[in-house]
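Student: Sequence:
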Amino acid sequence: MVERPRGTRDFGVKEMAERLALERGLDSVANCHGYNRVQTPIFERLDLFTAKSGPEVVNQLYAFKDRSNRDLTLRPELTAPVMRMVADSMRANAKPLRLSYFGQCFRYEESKKGRYREFYQYGIEHIGASGPLVEAEVIALAIRMMQATGLQDWTVRIGHVGVLRRILEQAGIDDWGDSEDFVGDAMRLLDKGDYSGFWDMFQDNIAMDISDDWMDLLANFVGASGKIQREGDPIETAREMFQGDAEWLKIWRDILDDFEATIRAVGALAPTPPKLEIDFTISRGLDYYTGMVFEFHVPSLGGESQVLGGGSYRLMHLFDQPDLDPCCGFGLGFDRVLLAMENENVSIQKQERGQIAVIPLKDVHAQVLPIVGGLRDKGHKVHLEVRDRGLKRAMRWANGMGVDLVMIIGERDIESGNIEIKRLADGFTAQSNLDLESIDEVISNLLHLG
RNA sequence: GCUGUGGUGGUGUAGCGGUUAGCACGAUAGGUUGUGGUCCUGUCAGCCCGGGUUCAAGUCCCGGCCACGGCCCCA
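The opening position of the first sequence corresponds to residue 1 in this note's numbering, with each subsequent residue numbered one higher.
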């Protein structure tokens, strides 16, 4: 027996039905917001991802060389490929572009529940426009998608890396050294919620001329960010927090005004999520985010609770299209959403059309097969008994398949031109002429009146 | 990368040094020839892999693989 590679999964019929239903559900929400699906290759040139995320990502990639010694890799994410495609072949399209995508991605890392080496991501990108309305549209779409899953227990956290970065830079953190990325370190620590690590960083560098005033402001700011018990409106708190020269203050207030406008517009565009936090310590650990960032969490998932994340970013400049920056988008962890739906026992299965089993007795295929084909043409779900076995067995099979109706056709029926169609749920049997139209009508009646 | 737990037919499980490795569900064939779900009978099918200890190993030990969990990480 050959085993499945580690971190991969098979999806059986039942599981696939759930997955398809979710995919379609998400598609339908995306469509309502003006988004359309695109698809990119499952492998790409390696440098697409090293350009985006740095050379060290190779360690987590399924990278390989092809026969011409080209460096390729299975895609670890979908944003960069979509950006690449836009720069490649969608330059003439009217902007902004609203694109959605779905597919598997690959990362070479330890697999566990909610974290696989082959995983599925659904995402959207809004390209070629920016501002509070764009961001609000994107967040609103994310909220509606989560709502469409039927999940009850989830949290939206919205932050702004521009705000965070500006505060840290104003505090003079970037003056501490030239080789080290103190701002980045500080952001990561805050993002992790490692406040003691954050403050240790200050203690260690106390000689670096950070004024007591700034220390107090930072303490205040972190406190206002939602992770620590806070009072009042975090945006308002941030707005009034700093004094400074007029020019800097204006920029600061403009950013916060825009951010506030985004939040307001989200409230107008989308239903209120179960829980919403404004939190300026979110940084998502990615360098290319430049403005608003957000994450959706499902607490019941435990350690791997983030199911959706995104924000405003600059990547198009990597493809010589800087005028399209910043863009805004998010990725949704398809597998994790499914896990959460399983946990909460919700489902977006739409009602299946009734299924019909057709059981030919003896050799009547010449007469039966055209009817089977005809019924399928009309959209019925038809299971044909392909084995030559006794009627009793065939009935058991039909029952086991879970079909709604059974149609038995033998020589007797061919001769009389009259057949019986039985509804398994209650045993009710209806007569029909042996012609497609008549059968179609009887079947429809039986299914609807069931 | 570190660490914890576990792996018995397709599924769920019992057995914890010597058993024909038990049970249930399942699949399949019958219970006499054109009507299912119940019932009865037969059949199919299992100790994750490799070493070691022992007269004897699903059962104990070591390694690997896989799964699940806790840290780390998560472009």
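In short, the hints are calculated from the structure, not lab data.
Heads up, some of the hints might be wrong.
Said to hold, decoys possible - Calculated pairs, BS3-like style, for lysine-lysine (alpha carbon to alpha carbon, straight line, at most 25 Å):
| hint | residue 1 | residue 2 |
| --- | --- | --- |
| 1 | 192 | 250 |
| 2 | 362 | 392 |
| 3 | 362 | 422 |
Student: Work down the list of hints and note, for each, if the structure agrees.
Tutor: Tested hints:
Straight-line distance between C-alpha atoms of residue 192 and residue 250 comes to about 30 Å, which puts the hinted pair past the 25 Å bound. Between residue 362 and residue 392 the CA atoms are separated by roughly 14 Å; this keeps the pair inside 25 Å, and the hint holds. For the proposed pair residue 362 and residue 422, the alpha carbon gap of about 19 Å is at most 25 Å, so the pair holds.
Violated hints amount to a single one, hint 1; each of the other numbered hints is respected by the structure.
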